[in-house]
Structure formats: C-alpha cells, structure tokens
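Colleague: Residue-level listing of the chains:
2 protein chains.
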Amino acid sequence: MSRERLIYLPLGGAGEIGMNAYVYGWGKPGEERLIVVDLGVTFPDMDGSPGVDLIFPDISWLEERRDRIDAIFITHAHEDHVGAVGHLWSRLRAPVHARKFTAYHAQRKLEEQGQDPEAVTIAEPWPATVTAGPFTVGFAPISHSIPESAALIIDTPAGRLVHSADFKLDATPLVGEPFDPELWASIGETGVKVLVCDSTNVFAPHPGRSEASLRDPITKLVQNAGGMFVATTFASNVARVKTLAEAGQAAGRSVCLMGRAMRRMIEAAVETGVLTDFPKTIAPEDAVDIPRSNLMLIVTGSQGERRAASAALSRGKYLGLTLAEGDTFLFSSKTIPGNERGVLQIVNAFSELGVDVVDDSSSAYHVSGHANRPDLIEMHRLVNPRIVVPMHGEHRHLREHAKLADEHGRKGVLAPNGTMVDLTGDTPEVVEYVETGRTYLDGSVQIGALDGVVRNRIRMALNGHAIVSLILEDDEPVGDPWVDLVGLPETGQSNAPLSEVIEEDLSQFVGRAGRRTLADDDDLEKELKRIVRQTASNEIGKKPEVTIVISRLS
Amino acid sequence: MSRERLIYLPLGGAGEIGMNAYVYGWGKPGEERLIVVDLGVTFPDMDGSPGVDLIFPDISWLEERRDRIDAIFITHAHEDHVGAVGHLWSRLRAPVHARKFTAYHAQRKLEEQGQDPEAVTIAEPWPATVTAGPFTVGFAPISHSIPESAALIIDTPAGRLVHSADFKLDATPLVGEPFDPELWASIGETGVKVLVCDSTNVFAPHPGRSEASLRDPITKLVQNAGGMFVATTFASNVARVKTLAEAGQAAGRSVCLMGRAMRRMIEAAVETGVLTDFPKTIAPEDAVDIPRSNLMLIVTGSQGERRAASAALSRGKYLGLTLAEGDTFLFSSKTIPGNERGVLQIVNAFSELGVDVVDDSSSAYHVSGHANRPDLIEMHRLVNPRIVVPMHGEHRHLREHAKLADEHGRKGVLAPNGTMVDLTGDTPEVVEYVETGRTYLDGSVQIGALDGVVRNRIRMALNGHAIVSLILEDDEPVGDPWVDLVGLPETGQSNAPLSEVIEEDLSQFVGRAGRRTLADDDDLEKELKRIVRQTASNEIGKKPEVTIVISRLS
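Residue numbers (the numbering used here), protein chains in the order written: chain A, 1107 to 1660; chain B, 1107 to 1660.
Quick caveat, the hints were computed from the structure, so don't treat them as lab data. Just so you know, even glycine gets a beta-carbon here, dropped at the ideal spot from N, CA and C. One or more of the hints may lead you astray.
[To be verified] With a straight-line Cα cutoff of 27 Å, these simulated DSS-like cross-link-like pairs (lysine-lysine) come out: (1) 1299(B) - 1134(B); (2) 1299(B) - 1509(B); (3) 1648(B) - 1635(B); (4) 1299(A) - 1440(A); (5) 1440(B) - 1509(A); (6) 1440(A) - 1509(B); (7) 1509(A) - 1423(B); (8) 1326(B) - 1509(A); (9) 1632(B) - 1648(B); (10) 1635(B) - 1635(A); (11) 1326(B) - 1299(B); (12) 1509(B) - 1423(A); (13) 1635(B) - 1649(B); (14) 1509(B) - 1326(A); (15) 1440(A) - 1326(A); (16) 1440(A) - 1440(B).
[Said to hold, decoys possible] Away from chain B, derived, C-beta distances all over 12 Å, residues of chain A: (17) 1233; (18) 1264; (19) 1294; (20) 1376; (21) 1380; (22) 1397; (23) 1398; (24) 1487; (25) 1532; (26) 1590; (27) 1645.
Required output: the full structure, derived from the provided sequences and hints.
Modeller: Below you can see the structure in the form of structure tokens.
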C-alpha cells in the first residue's frame, strides 16, 4: 500500500529557455491528480528544424493521463508560456485559468484553432485562489517584462509551493504591479516548502535594473534625433512600448505602431485595462503624410524576423516609407542567442541606407525581464523555501541555480525535463524519468521531432537529392534509367553533365544485372543508390540523398 | 588620352568579416597592373549555404585580368586571409609573397590542392621590400592574434599606401613582434597617402588589452582547478596556446594538444621558428594514462564545430577520455556571431556531465586580436594618412570607421566590396562598381552562390520534396501517376496517407486530361505540380517542392 505523494515533472522549459510546461501532482503513485502550469512554444531554426512553424513540448504523457488533469494554469502571456494552448488544448481539455490580460491571449489562441474560448476562466489575483482537485492555487502578481505576470502559490496536502513564473524585482515596472517584497516576505513567513524558480539570468552578476530606468535615456535619444525615429522592441513589453511612445510624444512626434503583433498587443492591454494612458497613435497608412522628423515608428521585429516590420524597412520601402541618411533605428531589446545573424543583417542593411542604428550595447535602452543572480538570492531569502527547484533555463542555468541554492543553505534540485521529483518529504527524491520531447507544428500538421520528416529535409539540404527512375517490364529494363538532380551541381570532375555520368554508370549496371537482381525491388534499390552515391562522390565529392522510383509495367 | 591612375577594389572583406580579397592597381584605366592582397575564405551556415564546405570571394573580375596581376600578397595565416589560396591560385597563377610562417601555411594549402608550393616566396620583413610591377611592397610586422601578421607598406607612383591587415596595438603579444609605435610614427613621417584599415572592433569603446594580461588569470584558474582541465581557443592563436600550456605546466599537469588543427599549428610555429620554447606535450593516446588532476588538454572547437575535439568531448568518450563532475572546461575565446547555438549546445552538454564551464564573460580569459576604437584613432594618428579606407568589417563597421576618420580631420572612404576607388589625386573618387559575389566550394566543386543549387536545397529543407512519376505510351497514361514524398508528414487533415490523397487527385486529373495536355510535357508538368501543391496545401498546410518525372514509352 503506497502513500500519497506530491510530484513535480517538467515536460518543457527545464533544459531550454522556451516551451514551458510543468506538471504538479498529488495522490497515490500512478493515480495522482494533476495540474499543468503553462503550455508554451519555442521557435524553430534552420539548423535543427527547417520548415517547421512552431515547436511544442511533447505532451503524450499528459494526454495519456487526461482524465486526471484538474486544471491548466497560465502564468503570463509570453509565447513560451501561453503559445501552445490553442494547439494542445484539445488533447487535454482541462479548464484553463489565467489573469485577465493573459486569459485574453489564451482565449484568442483557442479561437484561432477553432476551440471554445470559454475553456479559459479569468482568475483574480492573490489572495483569491482557484481550487483544482487537491490543489489550491493563487495568482500572486510579480513584476516581469509583460503585464500581469503571476507567480503561483500552490497549496498542497504536503505543504505550500511557490512557482515563480518569469519574474524580476522591479519596484517601478511602469505598467503592471511592482514587485512587492512585503507580500513575498509574508508568504515566506507562512512556511514555503518549495520554490520552483526562474533561472534565466542566474549568470548575470549584478542586480537587475528597473524598466523605469530607461525612460530618461530613451526620451533624450528621441529628443536629440534628427530624421525619422524608428524603435523596435518585444511587442509584449507593453511598458517599453509605452515608454517609447511617450518619448515620441514628448519630442513632438506622431507615433505609429507598425506590425500586427505590436498593434494587437497594445489593443489587448487597453481592452483588459492594464494600460490606461497610452499616447495617441496614428494609423500606419497615415504615417507617410507626416514629415520624417515629426514621425516616430514603433515596429515589430527586434529579433530580425524576416517578415516583421523592421526587416521590411531594412529592405527598402514599406507602407510607403523609406528610411534614409539621418534617420535613427533603435533596438530597445536584446538579441536572443541564435538570432544574431538575422539581426546583424538588418543592422547592415540600415547601414547601407545611411541610417544610424542604436543597439543595446550601452545597456541604456534595454533591461531584462528576469531576476539576476543577486535578485534570485533575494527572492530565495524572502520566500524562504527549504527546497529550490530551478526551472526556465538551459541545463547550465538550472545547474548553476541549484548550486546557488545549496550555497545559501537550501536544497537545490537539478530536475531537467522529464525528471519526476517526489517533493512529499523533507528530502526531494527523483522517482522516475519520463520520456519527453518536442512536437513540431509543420504547416497545419503536428509531427514528432523524431519522426524522421525533418531529418530527411536536413539531409536533402546538406547533400542534395538525386531521383532515379527505372521502368521494368517482366523484370527487363524498358529503356535506360534516368536521373533528376535537385540541389546538386550540374557538372563535376569529368566536365560532363553530372546526371549523364550517373546515368551512364546506372545503365551499365542495369545492362549487366542478373534477372534476380532486377526482380527484387530491395536489391535493385540498394544497388542503384550505391552507384549514384559512389559516382557522385567521385564527380563532385558529395554523396546525395537518393530516391529510387522503380515502375513495373504489367 | 587618359592618365594613369591608382585604384583600390575590395572583392571580399569589405562588407563582411571574412573572405578577404583586395586589389590595388596602377596604370591607364583598363590597363592597370594589379596586385592582390589576401585570398581568404568565409564559412557556410545552414541558414544561407547548407551543405557548402567553404566560401570564397568570386574572383571572376581578377581571372579575366589574370595577365595583369603581378603578385599576390598574404598578410597573415588566418583562414579568412589565406584560406582560399589553394583553391583559387590556379585561376590566377601569380607569384605569392608572404612572411615565413604565413608562407608555410600558403604552401601547405597549395600542396593540398595539387599545386606547386614554390609559387610562394618567403618575404623578409620591412625594411625589405618586394617589387611587383609598379608597386614596391614591404611587410611591416604588426601585432595580431597570430604570429607574423604584416601590414603592407605599398609604394606606388601616386604615393605611399599602408594596408593595415588585421592588427591590434599589443606591446606584449608573447609570441611574434610587439606593436612598434616608433616604426609607425617613422612611416607616418614619410607621408602616407592612404591607410586601408581593419575595422572589426570600431564599436569597442575601450583600449584593447594585451595578450600578456591573460597570463596571470589563466595560470591561477588552472592552479585552482581540481579535476581534469580542458581549454579551447583558436588554434592559430599560438601565443594563447602557449599561455595555456605554460599554465598547465606550472600547475604540474601533463599538457596534451588535441585536434589536428591545434597540433599542426604548433608544429608550424615551431618549424618556422616563431615559437621556440613551447612546453613539452604528451601524445593524445597517452593522455588516458595520466591521472585526471594531472592532465591539461588544449583542444580545438572553440566555436562549437561539431567535428572538433571540444564537441566530441561534450558528447562523451573521446580518445578514451570522459569528462566528469569536478573537471573544468575553459573557453579562452569569444563566440563569433552566428556560432552561439553550437557553443551553447556544448556548454549544456558539459553541464549535464557536471563539468564546470568557464567562458569569456568575465573578460579575464580572452582578448581580441583587433584594434578597438581608441586604438584605431591612435593608429590613424601614427600613420597620419590623408585618406582612410576602412576594410575588414561588415557595412556597419566600415561606415562607423569612415565616420571616425572624418571626425579626426581625415577623409574616410566608405568602399564596400565591388567599389573601385580612384586614389590618384587628393580626393578619392568612386569610379566603378564591379560585380562581386561568392563562390561556394561544394564537395570538390566550385559553384556560384547564385547558381540556384543551394537555393533548391533550402527550398527542399523548408518545404519538403514530392516526386511525381507518370508513364505515358502514345500520349496515353500507362497506369496511375505515383508520388514519393521526402521530408513531408505521412498524413494530413483527411487522415489518409498524404501520398494516396495526392495520387488520387493526380489520377483524376490524368483521367480527365485531353490528349493535347498529355502530349505536352511542359503543360503536363505544370498541371501536375499545381495539383500536388494544392492538395498538399489543403492536407498539410504546406506547398512542397515538386519534381515531375514523365516517362514516355515508344
């Protein structure tokens, strides 16, 4: 007879920055009632996931236990926390809880996927709570780079947990609630068993800076600029967008939001009441009529996304506007690792147009939304948990954060994706490793990351693709085999067309091949492939992917 | 009757960091005698050049004027300056000049491509000179992150030019000649018309630091480390490798160089006499017998290259060695933009092994090889040219560097790749834009970047590849069309196999198609493609690349 237990299981987010999905459970082993915290996405890249549209955590484990899920809680409206709700909800069908601004986004995402937005219930902030099976969950406001981020205070039969979500210690976040040390100290005093905690900035040695610290530098920068002023930031950083817009207004410029995400985010913030006094803006189609030194654009595309407004502007005319010598472009953002090439491409394109680009290298125009190392120590101190489980980080962040907790006399638990930790007693225990992974949204289809689909794409990209067609009748070749080459050079060492050289070798083989080989598709395919790869290797120093199409007339 | 003129033409390196190739010419327009400075490579990436092995500047312009080239000068042995010599020399066939250590590398590169290494002549350092047509060229030692970097002092009938090559102001570079302000001041006093100058670090606001400043921090770090100590850096940074090896030796560790590039570079440095007192090393196969706390590995792969020693170690056992809890891995290097993902993958893999990773975030374990902004101002001041032509940089670096020159009362010339500048008179003048580009080494074949080969690879990677086979006899279909799918999901919206759904639609079309369509390959192909793309779009939300193979029996 096994006892009831409290478990923690990250399915995404503990081993990467992105794709957050955490599970808590209470009950007898294998019968735990479950809650899910966040269902986020991460983004594909050409290196590992070409052609893929979005990446979700693999939720097979949860789906198999769907009847045991009492609720899904979404901590805030960043894509890596809410982005997969629309795509994955139909596989879980549990009620979704979120604060108003976050709920707005979750509802839109459900609607976009043809799901019922009423699955989402708006949660009032702490001390209000939501009961979900054996759990009582409160949304405690915490400052971050988006309005209404919430840490979850999760009361369980085995004690109180705090799930920090993404946070920073910001007394003046400009939009949304300030960080409230007294609140966290008072929660700490109630006795917190476990803090599951954001690890993003554990390597940043200095205390984080407030959103408000950017107001003066940005205002001055805009004030002193000559031509058109264009700024980009993360659309979801509503406070930053507001700071930028106010700087534009203060400099007597007409402010224009460009890019769908930017306009929609500000609309959402106004509609849900988190933003009350945003400066008046003009419509993008009217921007072209404003003299350039009276114009301020706030645009999407801080990460160099090729389809966003910033990239479009860097390529030339966009909505009738062309940047030119004397204009200024501000990246009020940092470049997320992996996006450097795309961002630099835009910077250089602006340089060619004569535009002055200001980036965050001076630190004057961007602050992070995550708690730095000293801030983490402070949060640990306030909440005062016995156990710290680092989440929201790559392995290196989790490991460093666990060490940091240990150094301060707590118990740090290194639990990357798939590690099920039993938190019932005083000593956390790893009880199981669950298989986790990634699901790709590819066009309109969800495929497994390991299905081989994307692997084949990568192989074609690296090696090119040769297609061999051979027609047989009664196991005798009809005509010669032929070869189509895609993504391969036309000629190689022998200076004859590569396809002809390969066809010549294939014809020779087919001419000599015995009836038994010709009768056996597998044998024949294997041999034809081998010849294509060998000949290509001699001719162009490269072994292509090969598809063999054998047609048998009957 | 046109006058003789002095021209400058960058074919690579002015618009990117990498792939350096600069041309100087003197003579009547269209009849100038030419010299080439550097023939470097740049590196491919999955985003833009999947499957490509190396990237060279397109030297068509030079090749067409091959009879006018008097010499090729190589400033130093970094791949982005010497890397293309082996592959491109046979298209130019001009004598190559370089200092001893650089010449050694150029010769090996020629040999590897089956060319005669005697094309390379070893040049003595300034004040010795080489005469090449109307030019007299001296190799003036200048400090950089590789031994024997040389700035070129180029005397022309129109005055003296200085081509800085890559450099920094390092009074104590540990290996190779220190930066000599007196030499440059004395050259400046002779009256320099043009300084063509490295722009890499124009955005770095503080004076650069010396290679020697790393000795103490690295020595202490190794001294205090417990388990095995592994360090990576650029193999060509011979001084750094020496500092690391000496730190290992001082800590009583056996030092082992791992990775072919690392061992070959040190051999070259010893053989050419630039390195005289390198600590004794052990062979990689003997490392496994040394107790881990007595072992120091210096390995290749500072940029996360998947085949290098550092990546191999991060994946597990390599040459019998496995890193473990308590070991230290030092990146004595910076991550070049674009390589972040690969490097972080290694860092996280080490984190999973429990290895402590030390990177350059503290700045204590790496210094740059390039002159920072204040150093550039100092170099301008010493050489005192009337004109500064920034090179070796992306567009943003060139533009900023030209501005910097202007601010200090010189004439900055913004001349990205393909800009031919007439430097004869007092005012530089852009006289022509030459078409430039990139050549890909793909396996053993050189292809043009715009040939479409790589574009097709990228398309297959993004969209997958569908191959349709249709056999016709006397313009009548023989059997049904069939479809092979590579890199595409097996099923879509209708839950039937995607290939079957497409084949169904194709069969219907072929069944209904008139004889005129069936008789016309182009029409037929167009229609079949359209159907595949339309059906796939409905089924999987994606339009694949399509290859149509029509076989006509006769």
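Colleague: Now tell me if each hint is right for this structure.
Modeller: Going down the list of hints, with the structure as the test:
Distance restraint check for residue 1299(B) and residue 1134(B): the Cα-Cα separation of roughly 20 Å lies within the 27 Å cut-off, and the hinted pair is therefore satisfied. Our distance criterion of 27 Å between C-alpha atoms is met by residue 1299(B) and residue 1509(B), whose separation comes to about 18 Å. Between residue 1648(B) and residue 1635(B) the alpha-carbon distance is near 13 Å, which keeps this suggested pair within the 27 Å criterion. The hinted pair formed by residue 1299(A) and residue 1440(A) fails the criterion: a straight-line CA distance of about 35 Å is larger than 27 Å.
For a cut-off of 27 Å, the pair hint linking residue 1440(B) to residue 1509(A) stands: about 25 Å separates their Cα positions. Under the criterion of a C-alpha separation no larger than 27 Å, the hint pairing residue 1440(A) with residue 1509(B) is consistent with the structure, at around 25 Å. Between residue 1509(A) and residue 1423(B), the direct Cα distance comes to roughly 26 Å. Compliance with the 27 Å bound is thereby established for this hinted pair. Distance check on the hinted pair: residue 1326(B) and residue 1509(A) sit about 22 Å apart at the alpha-carbon level, within 27 Å; holds.
Taking the CA atoms of residue 1632(B) and residue 1648(B), the gap is near 18 Å; set against the 27 Å cutoff, the hint holds. Distance check on the hinted pair: residue 1635(B) and residue 1635(A) sit about 26 Å apart at the alpha-carbon level, within 27 Å; holds. For the suggested pair residue 1326(B) and residue 1299(B), the alpha carbons sit about 47 Å apart, so the restraint of at most 27 Å is broken. A distance of roughly 26 Å separates the Cα atoms of residue 1509(B) and residue 1423(A); the hinted pair therefore holds under the 27 Å criterion.
Under the criterion of a C-alpha separation no larger than 27 Å, the hint pairing residue 1635(B) with residue 1649(B) is consistent with the structure, at around 10 Å. Restraint check: the Cα-Cα separation between residue 1509(B) and residue 1326(A) comes to about 22 Å, which is no more than 27 Å; the hinted pair holds. In summary, the hint linking residue 1440(A) to residue 1326(A) is supported, as the alpha carbons are separated by about 20 Å, within the 27 Å threshold. Restraint check for residue 1440(A) and residue 1440(B): the C-alpha separation of about 18 Å stays at or below 27 Å, so the hint holds.
Every CB of chain B lies more than 12 Å from the CB of residue 1233(A), the least distance being 39 Å, so the non-interface label holds. With a minimum CB-CB distance of about 29 Å to chain B, residue 1264(A) clears the 12 Å threshold, and the non-interface call stands. Non-interface call for residue 1294(A) relative to chain B: holds, since the shortest CB-CB distance, roughly 29 Å, exceeds 12 Å. For residue 1376(A), the non-interface assignment is confirmed: its Cβ lies about 32 Å from the closest Cβ of chain B, beyond the 12 Å cut-off.
Annotated as non-interface, residue 1380(A) keeps its C-beta farther than 12 Å from every C-beta of chain B; the closest such distance is 33 Å. The Cβ of residue 1397(A) sits about 25 Å from the closest Cβ of chain B, beyond the 12 Å cut-off, so the non-interface label holds. Every C-beta of chain B lies more than 12 Å from that of residue 1398(A), the closest at about 20 Å, which supports listing it as non-interface. Separation of residue 1487(A) from chain B is adequate, the least Cβ-Cβ distance of about 25 Å exceeding the 12 Å criterion.
Listed as a non-interface residue, residue 1532(A) keeps its Cβ farther than 12 Å from every Cβ of chain B; the least gap is roughly 25 Å. Non-interface status of residue 1590(A) relative to chain B is broken: a Cβ of that chain comes within 12 Å, the nearest being about 5 Å off. The claim that residue 1645(A) lies off the interface is violated: its Cβ sits roughly 8 Å from the closest Cβ of chain B, which falls inside the 12 Å cut-off.
Consistency with the previously given hints fails for numbers 4, 11, 26 and 27, ordered from lowest to highest.
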